[in-house]
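Model the placement of chain B on the given structure of chain A, informed by the hints.
Residue-level listing of the chains:
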Amino acid sequence: MKIIKRYSFPLVGIFIITIITLFNRELGMKTFNTAIYGVKEMVLVIPPVFILLGLLDIWVPRETMVKYMGESSGLKGVILAIILGSAAAGPLYGAFPIAAIFMKKGVKFSNVLIFIGAWSTTKVPMFLFEMSALGVRFAVTRLLIDIPGIIIIAHILNLLLTKDEIEEIYKNAESILD
Amino acid sequence: MINYIIYVITFILLGISFRKDKQKTKKALKKSWRAFNNILPEFLGVIMLVGVLLSIFNADVISRLIGKESGWIGIVASAVVGAITLIPGFVAFPTAALLLQNGAGYMQIGAFVSALMMVGIITIPVENRYFGKKLTILRNSFAFLFSFLVAYVIGKVVGGI
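Those protein sequences? They're chains A and B, same order as listed.
Per the working numbering, residue 1 is the first one in the first sequence, and the count goes up by one each step.
Per the working numbering, residue 179 is the first one in the second sequence, and the count goes up by one each step.
Bound-form chain A, shown alone:
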C-alpha cells in the first residue's frame, strides 16, 4: 500500500495514457513512445548528476562551499554560481538535486537561485547549439539579457521569501538528500 501511495503520481500518468490509448490508439502509442524517450533521456542525464552529488557531499567540506559561495562570498559567489550552472548539461530538473546539495553545504540562497537560473538559460553547450540554429545575434542578445535577468530574479525571489521560509527550504533540501 505504501509503495502504491508513493508512486501514485506516475500511476496516474500510466492511467491517463491507458485512457488515451483506449480512445485513440495512435495517439496513445505516440504518448507511450514519447514517455519511453523521456525515460531514456533521464537515464542518460540523471546518474552522473546524482553520483557527482554524492561525491560532492562526501569530499567537499562545508567550510569550503561556505567560503566560496556562502553568505559572505560576494561577487565571487555569484560568478561561481553562474559558471557552475553554465557548465551543466541536461534539462532543468537535473539542477534541483544539485541545488539541494548546495543548500546542505551552506551556499547562500541567492546564489542557489542564480545557479538554477544559469542552468536553465546560459548553458554553454546549449548556447553553441543556439548560435548555429538561430544565429549569433539571437543567441548573444539572449545571453546578454539573461545574465542580469537571472541575477535580478534571484534577488527578488530572495526578498519575497521570509527568513523562516528560506530556512524551511534548507531543512527540506537536507531531508530529501538523506
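Simulated from the structure, these hints should not be mistaken for laboratory data.
Any given hint could turn out to be false.
[To be verified] With a straight-line cut-off of 27 Å between C-alpha atoms, the simulated DSSO-like cross-links for lysine-lysine are:
| # | chain 1 | residue 1 | chain 2 | residue 2 |
| --- | --- | --- | --- | --- |
| 1 | B | K334 | A | K67 |
| 2 | A | K171 | B | K312 |
| 3 | A | K76 | A | K2 |
[Unchecked claim] Going by beta-carbon spacing under 8 Å, a handful of chain A positions derived as facing chain B:
| # | residue |
| --- | --- |
| 4 | V39 |
| 5 | V43 |
| 6 | S73 |
| 7 | G74 |
| 8 | S110 |
| 9 | K171 |
Even for Gly, the Cβ is constructed at its ideal location relative to N, Cα and C.
Just chain B now, kept in the frame of chain A:
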C-alpha cells in the same frame, strides 16, 4: 556529446575517489542512490506527463499557434507553449529555426525559447519537492514574465522592429 563528457568526468572523479578511500566512495554512492530514490516517483510522473503533452503539442500544433498570424496573441501563445513543453534543446532550436523560416516573428521565437528554458510547468512536481510551493510558483511566474522582456529585446535587436 556533452552528456558523454559529463559521464567521463564523473567516472574519472569516481575512480579518483575510489583510489583515495573505498569506504568514503561507497558512502557517497549510497547517498547518491538514496537521494535518487527519494525523488524517483516525481521523475517518473513527470516523464508520463511529458509523454502526454508532447503528443498533443507536436510540431504541427506549435507552428499553428505561433506561426504567421503572430501578433501579441502569438507571443503569449508561444510563451505558454514554451512554458508547458519540455523539449530538449537539440530539438527545440532547429524547430525554432524552422518556424522562423516559415514566417514566425523573432519576438514569438524569443518568447518561446526563453519560456521553454526557464519555465517548467511539467516539472513543477519535482521543483516542489525540493523548493516548496511558494518558491516554485514565484520562480516560474517571474521566469514567465521575464520571457516577454526577452521577446521584446530580441524582437528589437534581431528583428529590427
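Can you name, in rising order, the numbers of the hints this structure does not satisfy?
Hints 1, 3, 5, 6, 7, 8 and 9 contradicted; others consistent.
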